[in-house]
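> Take a look at the letters that make up each chain.
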Amino acid sequence: MSEKMRKVFGIDLGTTYSSIAYVDEYGKPVILPNAENQHLTPSVVFFDEGNIVVGDVAKESSKIYPDEVVSFVKRSMGEPNFLFEYDSKTYRAEEISSYIIRKVVQDAEQNLGEKITDVVITCPAYFGINEREATKKAGEIAGYNVRQIINEPTAAAIAYGTVESSERKTVLVYDLGGGTFDITMIEIKPDAIEVICTGGDHNLGGKDWDDRIVSYLVEEFQNKTGIEEDILDDPDTCQELQLSAEKAKKVLSQREKTPIAITHGGERVKVEIELKKFEGITTDLLERTIAFIHDMLEEARKKGYDKFDEIILVGGATRMPLIMKRIKEEFSIEPKSFEPDEAVAKGAAIYGCKLALNDGLIKKISENTGKKIEQFNDLIELTDAVDVTPAQIQEAARQVADETGYTLAAVERSAVKVKNVTSKSFGVIVRNRQNEEIVFNLITRNTSVPVNTKKAFFTGIADQETVLIRIMENETSETTIPPQYAVEIGTAVLDLPNGLPADLPVEITFNLDMDGCLQINAVETFASRAVDVTLNTCAVIDGEELEEAKVRCQSLVVH
Amino acid sequence: MGRKNFYILLDLSIDPPEDDQKIIELTIKKKQAEWSRFRNHPTKGLKAKQSIDLLPEIRRIMKDPELRKTEASNAVKFLSKKAGEKFLVIDRHLDICMSKGFITDEEIFNLAKRHSVKASEIRKRIKQREDEKNAEINKQIKLRSAKGYITKDELSELAEIHSVSAKEIRKRVTCPIKKSLQKSSKKPTTLDKAIEKIIIDNLKIVGKSSLYHFLDLPPDSSLEILQKKSKIKESELHKRGKKDALGTAGIALAGHCRTIFKTENSRNSYDMTNARSLFKGLDSDIDVAGMDGTIRTEYYNVLVDSAVKLGMNRNEAHNYIKDYSSKKKWEIETKAKRPGWVLYAVVIAVLLFIGASAGIYLHIKNESKLKKEYQQVLAGIENYNDPETKARVFNNYISTHKESDRRTIDAVKRLGKLRLAIDELKAKEFIADADKLLAEKKYQNALAIYKEFISRYPKSLYADKIKKKIAELSALLDEIDYKELDRLQGKPVQVRALAYSAYLKEHPKGKNIKNAKKILSNMLEEYYLTLLKEIEKCEKKEDWEKGVLSCDDFIKIYNGHQRAVDIKEQQDILRTRLWEEETFARMLQKVNAKGRDYQAGRQILIDYLNAYPDSYINDKIKVELANLDKKELMAKTAGKKERLIRLIKKSGSRFILNRNATVKDRKTGLTWCVADSLLDTDDCLDYDSAIEYTNILKTGGYNDWRLPTVAELAQLYKQKPFFPQDESEWYWTTKNYSRYADGWSKVVDIVTSKNEVMWEKEERDSRDCGSVRAVRE
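Protein chains in written order, with the working numbering: chain A, 19 to 577; chain B, 99 to 875.
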């Protein structure tokens, strides 16, 4: 394989498990096992004095050293106030995630015997700007070049679409992972994968099902022993019960009942949990996912999509039979379970490969034609933009195939177009005629990205000195909403010249790219002063703290 | 929702308040690490997230000396309020300990320790807590009224607990009083405790007391409304951009609402759980009562009363306390020590006995007098021939003399002999009558005669003979009647079942009884299904009375069978429907009697809706309510229209009133509606609705109504002679424009209805609410 072309690996950075995949020389996505020879690495980090241990050992250690182990950190991505403290040092979610990335990449390097530099990392479609940025930073802290952050359901659909790409169809991707739930409508065409609509809840996942079992076990323990204290206050018992609950959930996916032993304060109690009970205490969780599907379908209808052909289930939690049963009952379609644990990483790998091959093609075409070519999305875009003939492209593809060892078909297939939508709406705070503050959305959710919108607003008073632009993220499809429904993700200040009248138009442009990166430009129309903002929020590790984390991570050995 | 006090949240010293910035910052950091660690705790994760989300606010407040000072003083207030609440529990525990009439020092010590207060506080409390009874009674009534009504049994129970008259309790009741609890087909079970706890934790985070409160609906809302609101709430929450603890807990609660308010049963389970959650206080009461391992009877009784106060019935209360105690391995004293009054009662009984014995002795004196009297009776009797008369004389003697006297005994013997003679005579008469009927094959009548004989003279010497005849005749009739049943083939199952049932009743010992029973039993399912269809028909036709009656026979025939129980349940429903229908008719009469007092009429219906939120006729009532609204509106607008027409007529010859509710302006040639949109709909309209209103307006049979221009309206209201001003202050015109190029923020010119020559043009936001005076060419 050529040294000139860097492989791009796909990482599924999950709430409970993570994995890494790449596309082999036959164009087939393959999961790379970790040092323990497992496809999935538990996303659990154990601070073992000077060492960082990630994976199964860390998970098992949680029983003995509950205070030194951190799990489910993905749920805190983009939360600026989440700080894990160990040995008087504090760690942000991004940094802890970087250890997980280090672990899976390191093990993959060992397995392949080659250095990995470039990665594509997945995140729930429902992640906002902060969470996406945090995910990207996690990859950077780990020391890798994060080529792109792509949505998990999109990745799953890419993997699915590559397998079944012969016909055009609309599929719903029901992605219930360990900690997040995404529902996405995707149109798979032979030459493109297009996201229509997306929705979900990043606080709903398999862990919530586990937690229900834990609550039930606590109750049963109290009933059987008469002990009234909250046994979850004891970190050891709490960890033990969480692990038991996860196991019980897995057993209940295959059997009608399972026994669980609870040991606490010298008392040992055996509790048997039946599938029926389990279903009973989790119905509301399942119903929440159904409600989200209907909400999303409602949005899709507005875009003219009123039916779908298939429902595919991804994410480990979809292994629970009750989920398949309920979906079938609701939509009268037999859902297909598609590699629930691996589809996301594989899709990310395919996408990574596409990026790498695109690089190769650009380079070759540039070399062959002497033209400077920017990154492109698909071949049509390429031919339209730089006047390259199909023959020149084919020639370049042949050369890339020769150099990389990929088949020509694999190289050509890499030109499949992937079109995404934004899961959030973005707007600014303005005042309406009643002089009340409202959020005016320039980009509404489920709009295809990249997107660029411009809108003129007006200054409120004469001689106004500055314009404060407060950039807001929210989840409604309406153009205007009250500010309490939105989160402020950044601000910018535009200085105005003196002596301006009231009602002076100020043009604001929002530019949201494929990565979910938002750029804002504001221009006052009198003297054409402009202010550019690339979102820089306090919610994500940055500046000195980021550099320190990078250094810290590089000097650490992750096991 | 009020947020938690930061001094308390951070566990900082309140008295004196911690003021050292360094210590405060250190504590915040410590707490931040602690909450982060708990961020993914199975049960406390959300609460931790809520605290984490508060961190910026905590830092803002705690860094500002002034704000910090206020925070500290709020903390003091909060804690003193909390301490007040603690005394409520102490009071309850005192009630238990004092139920035996006194409280021991040891108990005071234990209570003080349990509630972490000084013993002197407890003593002070004992003195203070007299006469809070009234407030307590009111609370209890409220608790029981939560289901929409209160039963008579509950009233008497409350009266008993508080030692007041039922009348006194009744005075305080503001909801309907019913005879008994409304039957529900299935007794609801409570929610799983784990789920209950999750719901309570989430409710705490969003600052609501129940799922009803969360949906901002009263607990007696219909299931349909609850489901609808749950969906709306969920959708709203999905749209919220902020996925903070509040939003997350809200979404989780919305999920619970959807599952819990899915069926009546699951909703009942939740209600039951809610009611049961009140028992947590009871648990702590039992803990106090069982402090020394045994629950005294006095304590036990107080506990039962407490449980009843919380809404349990007595049986449930006994079971609950017993279960709880046995779980804790505590014994309950079965009987209280025998009080002193029992001894007094025994002494009084003995004294009475002695008095009675003394009385007997006095009667012996009468003996000789009686002997003489009896001899006279015997002598006198010989004068009568008729045995019946003789028997009457003996009867008289026996009834007026002491039974145990030997003369009375003799009289009874003699009377017995006389009766035999009478028997024989009567028997002969009866047999002759019966024989005559037998000859005429009137078996049933003959049998009746025999039976009458037996019932009149059961001890007659002929009784056995007659009984034999009865048996023979019964067997004969049994055969005849049974054969008669065969003829019923092809008749409806109800007729057949009724006949077989009558046969079984008539011949309880008949020869064919087994067969008949079997056939009747075989008919059960057919009859049941037919009856269900019949009930369905009745339900469709809403002929509840017929439905109730048709169930009667089935229930009688198959009494004790499960199907009869099922039908009885159906019949109960039908009966309720019948009652509801009758009530509805009565209510309508009352409403009609109220005439134009629509409010009073409405109140009658609303009272019913409130008292019986699940009643079948509620839809009809709602329709009736809507009708009342319509009638009232029509009455109201009719009056206003008349007034306006009078004013138009008065305004001179400019306006010509047409008969079709329109008015022509001779000056402009335009035709206007007499009634404007406010008069027409009793509502104001925004601009879009105003356009829609003119589009669908059909006044006078025209469909080309439109909004007027500014000039047209001005001619009407700003040029003499004016069109009379009505209730609307201003009217929409066709003139509208947007403030921004993309149509955002629309503004419309309007004309006021004020009659004036000098006027200024005004503009309004298109979302404002105004009126339309529709016009056509």
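Hints are supplied without guarantee of correctness; some may be wrong.
Said to hold, decoys possible - A few chain A positions that, by computed beta-carbon distances, are all more than 10 Å from chain B:
1. E97
2. F102
3. N129
4. D219
5. N221
6. D229
7. T276
8. G284
9. K295
10. I461
11. T494
12. A545
As the list claims (entries may be wrong) - With a straight-line cut-off of 25 Å between C-alpha atoms, the simulated SDA-like cross-links for lysine to any residue are:
13. B/K337 to A/R273
14. B/K615 to B/D576
15. B/K128 to A/L564
16. B/K145 to A/E246
17. B/K327 to A/D313
18. B/K326 to A/K107
19. B/K291 to A/L261
20. B/K337 to A/Y503
21. B/K337 to A/L261
22. A/K320 to B/N613
23. A/K288 to B/K427
24. B/K329 to A/L315
25. B/K291 to A/P408
26. B/K426 to A/E246
27. B/K420 to A/V448
28. B/K425 to A/T497
29. B/K295 to A/K133
30. A/K107 to B/D109
31. B/K326 to A/V448
No wet-lab data here; the hints were simulated from the structure.
Quick caveat, the model's predicted, so the values are computed rather than measured.
In this text, a Cβ means the ideal position worked out from N, Cα and C, and glycines have one as well.
> Please list, smallest to largest, the hint numbers that this structure does not respect.
Numbers 1, 2, 4, 5, 6, 9, 11, 13, 18, 21, 22, 25, 27, 28, 29, 31 - these are the hints that the structure violates, sorted from lowest upward.
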